[in-house]
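Chains as they are written, first to last, in this note's numbering: chain L, 1 to 75; chain G, 1 to 655.
Keep in mind that the hints are not guaranteed to be accurate.
[To be verified] No farther apart than 25 Å at their CA atoms in a straight line, the calculated lysine-lysine pairs in the BS3-like style are these:
#, chain 1, residue 1, chain 2, residue 2
1, G, Lys124, L, Lys35
2, G, Lys135, L, Lys28
3, L, Lys35, G, Lys128
4, L, Lys28, G, Lys145
5, G, Lys442, L, Lys35
6, L, Lys68, G, Lys542
7, L, Lys48, G, Lys442
8, G, Lys235, L, Lys48
9, G, Lys48, L, Lys28
10, L, Lys28, G, Lys128
11, L, Lys68, G, Lys483
12, G, Lys124, L, Lys41
13, G, Lys442, L, Lys28
14, G, Lys96, G, Lys124
15, G, Lys135, L, Lys35
16, L, Lys35, G, Lys145
No wet-lab data here; the hints were simulated from the structure. Predicted model, so just to flag it, every value in this text is computed and none were measured.
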Amino acid sequence: MLMVIFLVYVWCHINITELNYGIAEEVKFRNRLVKENSELKMEIQMLKSPGRVEAFARDQLGMHYPEKDQVIVIK
Amino acid sequence: MTNQARKWLKFRIVTVLIFFSILFIALVSRAFQLQILSRDALKAKAEKQHTRILKIQTERGHIFDRNGKVLAASFVVDSVYADPSQIKDHKSVSVKLASALGLKKRKIIKKLSKGKRFCWIARKVSPKQSQAITKLNIDGIYLIKEPKRYYTNKGLAGHLLGFVGMDSEGLAGLELKYNKYLKGTSKRVSWGKDARGHRFYLEDGAGSKDIGGNCNLILTIDSRIQHIVEVQLLKAVEETGSKGGIAVVMDPQTGEILAMACDPGFNPTVFSHYSSDMRRNKAIADCFDPGSIFKPFVVAAALEEGVVEYDELFDCENGAYVVGRKIIHEAEGEKYGLLTLREILKHSSNIGSAKVAQKLGKERLYQYVKTFGFGTRTAIDLPGEAAGIMRKPQHWTDVDFATIAFGQGVSVTAIQTVTAMSAIANQGVMIKPHVVRGLIDKNGKVIKEFTPTVVGRVVSPLTAHRITSFLTGVVSDDDGTGKNARIENVAVAGKTGTSQKFDFDAGVYSSNKVRVSFLGFFPAENPQMTILVMLDEPQRKKWGGQAAAPVFKIISEQILRRFNRNVGERELVAEESREFKKVSSSGMSDCRKDTDKSVMPDFRGMSMREIVKIARKRDLNLKIIGSGWAVNQEPIPGSPIMDQLYCKIVMSPGY
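All chains, full assembly: derive it from the sequences and hints.
Written out as structure tokens, the structure reads:
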């Protein structure tokens, strides 16, 4: 009986240790994802910067600021 | 068994019993000592052996514009270092490192051969380079995490943001000014470690523990306006062949700087590629003779003091006015006869302005110029601001006195001129300029909020209104010097300026080197923006009305077109996927424009008449103490109005 209790206790401890290794791995993975996420957010901000958008609109899409006669102000 | 044998057996049993008893007692004592007496010390020792505490430097706080767009952010990247004592073959290691990091082999050998136990190989390398180093897996070569600063919009607002050094210390601009808030603190992370060095989760005290927190900065800058201003300034500098230029956009009612640009610009990410001259924020650090943009302040002073009449005529001496031994001429050789104050500003008459100043007197002119903030720092929240030079009136000769009246012989900064003009736009009340709206922590909680600070009243609302009317004529009249700044359907008030630069080699004012500028605000009836455009030494179009006024017009038009719904967008919009608590500029203008009747308006800085007008609209009962301008109120602005429609206001004449 005592032996059975002892074995269950040991089995629990081994399990806990294994889970702790697992948690450590998952936390590491999470941190990597958080870092990747913030880097991607940063990339979005860089891609959305007014200078880049304007250059893209001008060079790739052939857009330009409206000329004087193209703007009609309605009173 | 004989008796002797029995005795011998008994003796042996007793001896063994005693021996084992002693052994048992010794074991129990030892167990008692280890388990009970030395328990804490041993437990701590064991924990130390299998626990690893990592000290991590947290990332520097981000800088956002007023709409939540990231302007500067930090990310953790790898740096490569070596322990030369662990490296046997320096040459082969150097070859491998050189190809992985794109460095020169000779430089790496030199670093390794110094024989110390630590040396940097490359700092803040790219993710690809750090992967390459990990793959190489060389003994004695290690990676360490360090935060790196990125400026998302490259050079956008570079002069304002400043830059950080290799050790993430702010070295210039806002990075320097708010370094103590932005700078990340170290964070402690504890982990379990087994015999092989593998990490495992610790139930007790696991995870991370913050020692402190870093803050994010929210600016008053609107990156869209900043972009417009920078692009148009650069275009104007190129078109006119100027050495450089400055442009500042300010909200006159709150003192918020919406854009501040200097040309040539610089990219703070690679700040070392630029000279210190190019990195200097010339809008606050450089002093110059303002030229004719100074005239409205002289006229305002004279009107305020009542030494001139609104419609008084001044004899402009047909273009030649003798002062002392000098003859003062009008710009471009113009000749004027009798001019009113309005016409003096409209034609930018030097002689007229000098005569207005003479009526005012040296002392009073000096006092007003000081009150408008010239010769004193505006205390804007940026480092390196200059005060300008304003000599005492005792040191002015008659010629100095006359030339100061049209902005030659005084030295001012761009921010001073914008702040002074904003005071006129804001009914004579001067507000301290500022570029930071607030500080938030990483969870979006507001830590500090910067509200508009009233510097004081410079001129009465009536004088401010009259000057605004004069300045509107400068732009709207067909013969006004500022007609190139005219915007369809919007009343613009402004003044052109062309000042000669002092030639330090010759010791006189140069006739070739000039600074042209345009300083104005719009819409004249309810000013939302004050804009200064200044070009340094243009080679073509050497007059403020020709070179700077069109830039003002283009910038204003683009701003109006983009923000046609509401020029002064105020709300700090939540950035996508990031929750910000709203940092509102709970300043005067917000509440003046505020239509939310459920909250108490901000009366601070208002006159009795304005207060009564607003209170009547909202059915508020007032208790007014003192006279002059509101300095304090109870309940505080923005507090919800419940059933009790009552407000106590303390007034002070010293506003």
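Each hint tested on the structure:
no.	hint	verdict
1	G:Lys124 / L:Lys35	holds, 16 Å
2	G:Lys135 / L:Lys28	holds, 19 Å
3	L:Lys35 / G:Lys128	holds, 15 Å
4	L:Lys28 / G:Lys145	holds, 15 Å
5	G:Lys442 / L:Lys35	holds, 15 Å
6	L:Lys68 / G:Lys542	holds, 24 Å
7	L:Lys48 / G:Lys442	holds, 22 Å
8	G:Lys235 / L:Lys48	holds, 22 Å
9	G:Lys48 / L:Lys28	holds, 22 Å
10	L:Lys28 / G:Lys128	holds, 20 Å
11	L:Lys68 / G:Lys483	holds, 16 Å
12	G:Lys124 / L:Lys41	holds, 20 Å
13	G:Lys442 / L:Lys28	holds, 21 Å
14	G:Lys96 / G:Lys124	holds, 18 Å
15	G:Lys135 / L:Lys35	holds, 21 Å
16	L:Lys35 / G:Lys145	holds, 12 Å
Checked against the numbered hints above, the structure violates none of them.
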